[in-house]
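K.L.:
Below are the chains, spelled out letter by letter.
Number of protein chains: 2
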Amino acid sequence: MISNSEYKKFCILLAEEAGKFVMNYFDKDFEVFSKDRKNNLVTEVDKGCQDLIKNRIYKRFPDHNIIGEEDDSSEIRNASEFVWVIDPIDGTTNFANGLPNFSISIALLKNSEPIAGSIWIPWPNEKKCLIFSTAKDGGSWIDNSKISIKKSHFSIGEGAISSYSSFSPIFGNKDRKIKPMNKRLRGDKRVIGSVAYEMAMLAKGVVSLALLGPAFIWDFGAGLLLIKEAGGIVLELDNNYEPKAEFNSFLNGNYQRDQETFTKLRNWTGKFIAGNPDIMKLNNHGKFV
Amino acid sequence: MISNSEYKKFCILLAEEAGKFVMNYFDKDFEVFSKDRKNNLVTEVDKGCQDLIKNRIYKRFPDHNIIGEEDDSSEIRNASEFVWVIDPIDGTTNFANGLPNFSISIALLKNSEPIAGSIWIPWPNEKKCLIFSTAKDGGSWIDNSKISIKKSHFSIGEGAISSYSSFSPIFGNKDRKIKPMNKRLRGDKRVIGSVAYEMAMLAKGVVSLALLGPAFIWDFGAGLLLIKEAGGIVLELDNNYEPKAEFNSFLNGNYQRDQETFTKLRNWTGKFIAGNPDIMKLNNHGKFV
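Quick note, the sequences are listed as chains A and B, same order.
If you want this note's numbering, it's the position in the first sequence, counting the first as 1, plus 166.
If you want this note's numbering, it's the position in the second sequence, counting the first as 1, plus 166.
Looking at chain A on its own, in the form it has when it is part of the complex:
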């Protein structure tokens, strides 16, 4: 049996290779397509990067399944408890325009629960990147350094950064929906444009509080485990942006090795609020103090 830690090591190798592939194209010319003509871009780099990662995974784990953002088909391949969820470029609009806030997200789910993952992001250092990795019950890491969300120095309103999706209802008058949570949604606001990048920054203690999504399973697979294993709290939100429950798995135990469940995972969307325990203080009923 393969341990979570061994899966994590494989996730790091995939991220390294995928990151090198993507950086060959960043800030250069490549072909861009628009999925729906509404800010939903996809590039030849997204497709090439996904093919690269999928080929490596199927070579090593031919009896697993894979869900990638750029899949053409949503047919199940194997009746397996293992499903990989991949976003070859999260934040394609940033990537396509040339803004260095994007990411590669790779995660392995077992019965819909993330057990290992990696997030690659560009970074102004020698290697031009940071690779975050995580394994269930094994902590969260950048290279060989364990990271902790508690590292965040600042409190909300006194220097801490909070981050938001450009899809979240903080813009315009739509914010009435999140009125009950407004007290939480302070801090110096950022809209970064890549949810996996935001989750990596949260796990590192750079961002202190994040309203994440709405987004898909391939966006969240690695990042939610990364935050939890770094000591953060992740709550799933309902349609009114009220906290439902602490995140554990995407289908809460209702996993079957069949096409129906596979389709559910593929179509799954959700949103979360996440932060360090000092900010995310909850009472016994899971509500904010």
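Heads up, some of the hints might be wrong.
Same chains, same names: a pair is fine if it fits in one copy or spans any two.
[Stated by the list, open to error] Simulated crosslink set (DSS-like; lysine-lysine; CA at most 25 Å straight-line):
{"hint": "1", "residue 1": "410", "residue 2": "447"}
{"hint": "2", "residue 1": "294", "residue 2": "194"}
{"hint": "3", "residue 1": "194", "residue 2": "316"}
{"hint": "4", "residue 1": "437", "residue 2": "194"}
{"hint": "5", "residue 1": "312", "residue 2": "225"}
{"hint": "6", "residue 1": "302", "residue 2": "276"}
{"hint": "7", "residue 1": "194", "residue 2": "225"}
Note that these hints are calculated values from the structure, not bench results.
Quick caveat, the model's predicted, so the values are computed rather than measured.
Let chain A serve as the given structure and place chain B on it in line with the hints.
P.N.:
Below, chain B alone, put in the same frame as chain A:
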């Protein structure tokens, strides 16, 4: 007489040196202070970087004046038409928390009009940075490559990025103030947290439209010239976020070589909308088409 282009070369040297200084501290431990306990951080790195830049400028141009964000005093030094405006770290909150979206902004004003400047930003490349530079009537540059704002590939609503200050009234219900401009304020929204970084991204064609500020003269000095010299349009906004006029100088010709004018420059705040000419279409009265 020194040409704008020679001033530009000096701005590049300053940016190189200041950038190296700042990167010694990024993602490491340093002392952080809070100016007012409300998200207004300043670090020992801001102070050290400003001292470095100011010393270099006064050494070469002892008869000029300098305004820096972290100045203790606002007393005029020389009765000169030349004033340098410096932000040693623009986006200090990002820097202090460890988010690599910050900048160093250096500009020279002549009678309150920017004539040369540079912006340094972190970047995931060999040099770990990009240095933008500009001179009046001399174009905008990254190293030895001339940049043009028209490079932007995407149109608003179809992949283009628009950017906003975390202080601008797009959050919550405050956006009523900018209702007349809502039609313009589309695109895939970002809040980056450093106005000089945003302006560099605009000049490079990464960001297509930006609502800039409210911010100070040291934030805007280099970036506004950079955008104009890259072929972009910059309009100053009034308190109702209505365009007033195209930006030319900070005091519109009302420059005197005295303490009163120097204090005016130091206390100046403003806001702008800027973008490429395809997006910023204006009629003969300077209003949006």
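K.L.:
Does each hint fit the structure? Answer for all of them.
P.N.:
Hints, one by one, checked against the model:
1. 410 / 447: Within one copy, since 15 Å is at most 25 Å while 46 Å is not.
2. 294 / 194: Both ways: residue 294 and residue 194 sit 16 Å apart in one copy and 17 Å across, limit 25 Å.
3. 194 / 316: Classified as between; 16 Å across copies, 37 Å inside a copy.
4. 437 / 194: Result: close neither inside a copy nor across copies, 33 Å intra and 32 Å inter.
5. 312 / 225: For residue 312 and residue 225, the Cα distance exceeds 25 Å both inside one copy (30 Å) and across copies (46 Å).
6. 302 / 276: Intra 11 Å, inter 60 Å, cutoff 25 Å: intra-copy only.
7. 194 / 225: Classified as neither; 31 Å inside a copy, 40 Å across copies.
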